[in-house]
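Asks: As they're listed, the protein sequences go chains A and F.
Per this note's numbering, the first sequence starts with residue 1, numbered consecutively.
Per this note's numbering, the second sequence starts with residue 1, numbered consecutively.
Among the clues, some could well be false.
Copies of one chain are not kept apart here, so a pair can be met inside one copy or by any two copies together.
Stated by the list, open to error - In the DSSO-like style, the derived pairs of lysine-lysine whose C-alpha atoms are separated by at most 30 Å in a straight line are: (1) K270 - K143; (2) K16 - K143; (3) K65 - K143; (4) K46 - K16; (5) K115 - K16; (6) K46 - K115; (7) K115 - K45.
Worth flagging that the hints you see were computed from the coordinates, not collected in a lab.
Number of protein chains: 2
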Amino acid sequence: MQICRTIQEIRTFVAKRRTGGQTVGLVPTMGYFHQGHLSLMQEAKKSCQSVVVSLFVNPLQFGPKEDFAQYPRDFDRDCAMAEAVGVDAIFVPSDREMYPEGFCTHVEVTGITGKLCGQSRPGHFRGVTTVVSKLFNIVTPDKAFFGQKDAQQAMVIQRMAADLNMGLEIIILPTVREEDGLAMSSRNVYLDQTQRQNATVLYRSLCTFRDAIDHGERNTESLRRLITDMIATTPGADIDYVEILSVPNLEPLVLLQGKVIAALAVRFGKTRLIDNIIVEV
Amino acid sequence: MQICRTIQEIRTFVAKRRTGGQTVGLVPTMGYFHQGHLSLMQEAKKSCQSVVVSLFVNPLQFGPKEDFAQYPRDFDRDCAMAEAVGVDAIFVPSDREMYPEGFCTHVEVTGITGKLCGQSRPGHFRGVTTVVSKLFNIVTPDKAFFGQKDAQQAMVIQRMAADLNMGLEIIILPTVREEDGLAMSSRNVYLDQTQRQNATVLYRSLCTFRDAIDHGERNTESLRRLITDMIATTPGADIDYVEILSVPNLEPLVLLQGKVIAALAVRFGKTRLIDNIIVEV
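The following block holds chain A by itself, in its conformation from the complex (with noise of 0.2 Å):
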């Protein structure tokens, strides 16, 4: 597995690959691996001849009291982690690299921007839609590869993509969970033991909305308190949001029809995690 620093290294080795008329598949990642990760690179080697995998803990995707110094990071594990599952290279710029003096320039998707995640984390789109941009460009690859799990994300940079003619395919696969079903996440490893045990009712939280579909329910706000009742019983759990939406819009809906997203935010201390569930109704 090649380790690319720069942009310059990077470009020549997909140069390499395409010059032997290889596709290429792109994980833009911020490291620190786990299974969910994991399932990107695979399902990247099955339909990519070459994959590349960025590494970039990206400083514009932070807002000012975020977690940006605090994001766990361990390069030599990742490294180990992702040439294990046949990654071909490992995009891993710096901050310099990617955003050097005088750099000025956003993409910028609103609309579905502004609700959930976009709503809590200002500006917190418009850093990840610039980082992709520019892996995109850097990388040209044919397919790019995201997690359900970030199902705001998704949905932000498969709208940039068409808005944008970029050009390839954007390919979003399931959230990976643990055993209890807490969805996997690099913040996972923030929570304490109490915190870690608690954490389990956004999943089952889900499940519950998902089973009253199931059964028949269709009026948003019933399902949502079904939802926020769980959460907000449960000991060291404090909401930013639950939001039942319409897929890919991200509009309110009274009564639930067609393809539908519930999305929720909740803090257990100082940690923020999201988890979703999209059920066709």
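Got chain A sorted already, so can you dock chain F onto it with the hints?
Replies: Quick look at chain F alone, frame taken from chain A:
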């Protein structure tokens, strides 16, 4: 010359040329060609094996009170002119093709877009960078060609292409002028005979600026007054701005040094004309 009206058609055209190993040059335009446009196409022909011209009067870069509806259009004449200089394909999409229902992504350069035309025309450069990003993604050119007449636009696009790692070369070519010095512009057709005559003051004032620097003048305010006095005393000339700034960062300077631009926008009746000169002090 192939006429492509859909994104799919032009992508197919470019893919075929690429399969043949050809380099591709793009000349983005709003049509109503003059010698300035043709000089860009001719230069593109010299350095690229296939030349694509896009012709799209981009609604996104016009303000609500601007001349989008009146902007001059003559598709048949444009086609004949492009074909005569050897253009290989012309991409002429509809508004709906470029901005389908639900479109909500923009590319924005900050800083240098807040001055000159960016100040007079809020949102203008956001419209330019968004459409140019789309055109770059659709045509995937090796080189794209722009005129120095729109100096700020050229700098903004260079900034965007560098910041977002667009991986193509941006070529800026000299302003083409009428015999009497007036910068060629599709908007010159709006001028009546008197306005057309009076508009020659623009380039004359820029030449006076350059000559004063040649004679040792370095005081920005004196030089600015030299230009504004010439224009202000011309019948029918209504100054929007006259600015002298550093290149490429468009910073104000008390004493001139290095590469500087004198840029101006002046209205004759309803017609707003721009011009500029870049001088190495």
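Asks: A separate judgement is required for each hint: does it hold in the structure or not?
Replies: Structure-based check of each hint:
no.	hint	in the structure
1	K270 - K143	neither (35 Å within a copy, 49 Å between copies)
2	K16 - K143	both (18 Å within a copy, 21 Å between copies)
3	K65 - K143	neither (33 Å within a copy, 42 Å between copies)
4	K46 - K16	both (20 Å within a copy, 28 Å between copies)
5	K115 - K16	neither (42 Å within a copy, 42 Å between copies)
6	K46 - K115	neither (34 Å within a copy, 50 Å between copies)
7	K115 - K45	neither (34 Å within a copy, 48 Å between copies)
In terms of the numbered hints stated before, the structure departs from hints 1, 3, 5, 6 and 7, listed from lowest to highest.
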